[in-house]
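Order-wise, the sequence lines are chains A and B. Residues in the first sequence are numbered from 33 upward in steps of one, following the numbering used here. Residues in the second sequence are numbered from 33 upward in steps of one, following the numbering used here.
The list treats identical chains as interchangeable, and a pair is accepted whether it falls inside one copy or across any two copies.
Under the rule of at most 30 Å between Cα atoms (straight-line distance), these lysine-lysine pairs were calculated in the DSSO-like manner:
| no. | residue 1 | residue 2 |
| --- | --- | --- |
| 1 | Lys336 | Lys70 |
| 2 | Lys139 | Lys260 |
| 3 | Lys144 | Lys218 |
| 4 | Lys258 | Lys218 |
| 5 | Lys34 | Lys294 |
| 6 | Lys258 | Lys67 |
| 7 | Lys260 | Lys67 |
| 8 | Lys260 | Lys135 |
| 9 | Lys294 | Lys260 |
| 10 | Lys205 | Lys294 |
| 11 | Lys258 | Lys294 |
I should point out that these hints are in silico values taken from the structure, not numbers from a laboratory. Just so you know, these numbers come straight off a predicted model, no measurement behind them.
There are 2 protein chains.
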Amino acid sequence: MKQGFDDVMSKVQKCGRKTVAVSVAQDSAVLEAVKEAKARGIADAILVGDEAKIREVAASIDMDLTGYEIIDEPDMIAASLKAVKLAHDGRADMYMKGLIETKDFLKSVLDKEVGLRTGNPLSHVCVFEIPGIDRLLFLTDVAFMTYPTLEDKVHIIQNTIPVCNACGVEMPKVAPLAAVEVVNPKMPATVEADQLTKMNEAGDITGCIIDGPLSLDLAIDPEAAKHKGATHRKIQGDADVLLFPDIHAGNLVYKAIVHMVKMRNGCILTGTKVPVILTSRSDTFETKVNSIALAAVVAEEMKKG
Amino acid sequence: MKQGFDDVMSKVQKCGRKTVAVSVAQDSAVLEAVKEAKARGIADAILVGDEAKIREVAASIDMDLTGYEIIDEPDMIAASLKAVKLAHDGRADMYMKGLIETKDFLKSVLDKEVGLRTGNPLSHVCVFEIPGIDRLLFLTDVAFMTYPTLEDKVHIIQNTIPVCNACGVEMPKVAPLAAVEVVNPKMPATVEADQLTKMNEAGDITGCIIDGPLSLDLAIDPEAAKHKGATHRKIQGDADVLLFPDIHAGNLVYKAIVHMVKMRNGCILTGTKVPVILTSRSDTFETKVNSIALAAVVAEEMKKG
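Produce the complete structure using the sequences and hints provided.
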């Protein structure tokens, strides 16, 4: 294993202590993850929401609230704006969704006054540690952008590079995926994959090595790459970033891995001023904790950059 | 396990003995699979191709050719037409690709005189047995149709039902997949999934239960379906057929499973008069043997129908 989530956890310990602002924090699954993150030294938290409910939920999960800053705001929308402002103002290093609808949470992220806009589109990256693969895989976008254009794909790649860097991958290999590894004008995904590759060669996309279109076996399996005689390719089963043609392909692969493979993962939203943690209720406890750790190392990386 | 590949193998034993016509048979990987299929009582074979080369390859893998009919035809295209004609004329029950380019093999399948056309479009179905899932999953189309229209998807479903039936699934549950489980006019895959569901409810597509759009977790994971409160759905984590929106989504999921999961699988081409076995060189020996077994039970089912 060249790098895995244990390495991410080690990196977190070397960062300065980070703080996550939690939006509408009265959620037991989110507070459990926040509690674990604090216990493991990953991050402190500022809990924004209905204080009475936060205290009630915390008691129900044996969480000691000593040492947590709590900002009492019973109204959900107002709470989300107060929480995101903490990240906007630099008082928090990451921003995390609690018991609030995703659309309302995203409104706070995109708020023009106190939100986390950078001018670039937001995208989602999910990081997997999969048995048999000797490195982390960065899947994007499996949850946020529906049908990314070529320009969107450039932004997705640029959003993902700092996440790779934060996890110790200096010059990530990016595989724009398709069903096939050759350009076919009848398959727009392959044409765009080729365009991204050429933009990278021309120096228009830097900080990574792009080689596409690639089928998934050529992207992740060195044996398959050898078997198919792909010795001329820049990626030969050693891709770091898997760039999906659209959300259906990305999301279906993401869920196939989550439901069929014994793996570790964590996900964040990028393209924002600070990393945003948008876990879903169906994510496991470990995924939530991993996502906070991932956000912490990315926050550190973004400060450097 | 309600059904798995062991059940397919048991069913083969109960069928009348089947015969596969092999197109350009001088291929060691294909002959190894054919030899194993004969040894296990799955199928006999008629080997069409360059007899000298067939004997040479057979000797190299310790394959005794006694009991095999061999038709000597050194020209590859001519061999493929002679082989497919055996299936066309009913002398063989299945048709299998050997050492011939896929496009030339498919030309023989689609040949107007001696081929296996039915008037319906061809589609590919890949059958998986996956640890933790108590039944076979039928993935379609992960390899053949690129961007199926609504009408194509109807044909894909109709092509897949006999494969399910052959494997013991009487009334397969078909999940037209997407990134989300609600209809979104901005996502054509979800609209078509809904149309297929309504066509099924109206009795225009019979022999199966269709419920879509479905995300992959709702399609295959009963726990996830329960967690998401999907109690009103016809499919609650118990789908048999996974219908993909396009070849990118299908192929990427297919390869994710093949390369990340310890599974058993077999694949055939359907929509033809008899099942067609189109394994690729990168398929394992077991996959090739499973594909012949799958074709054998489907051939039996098609005779019944």
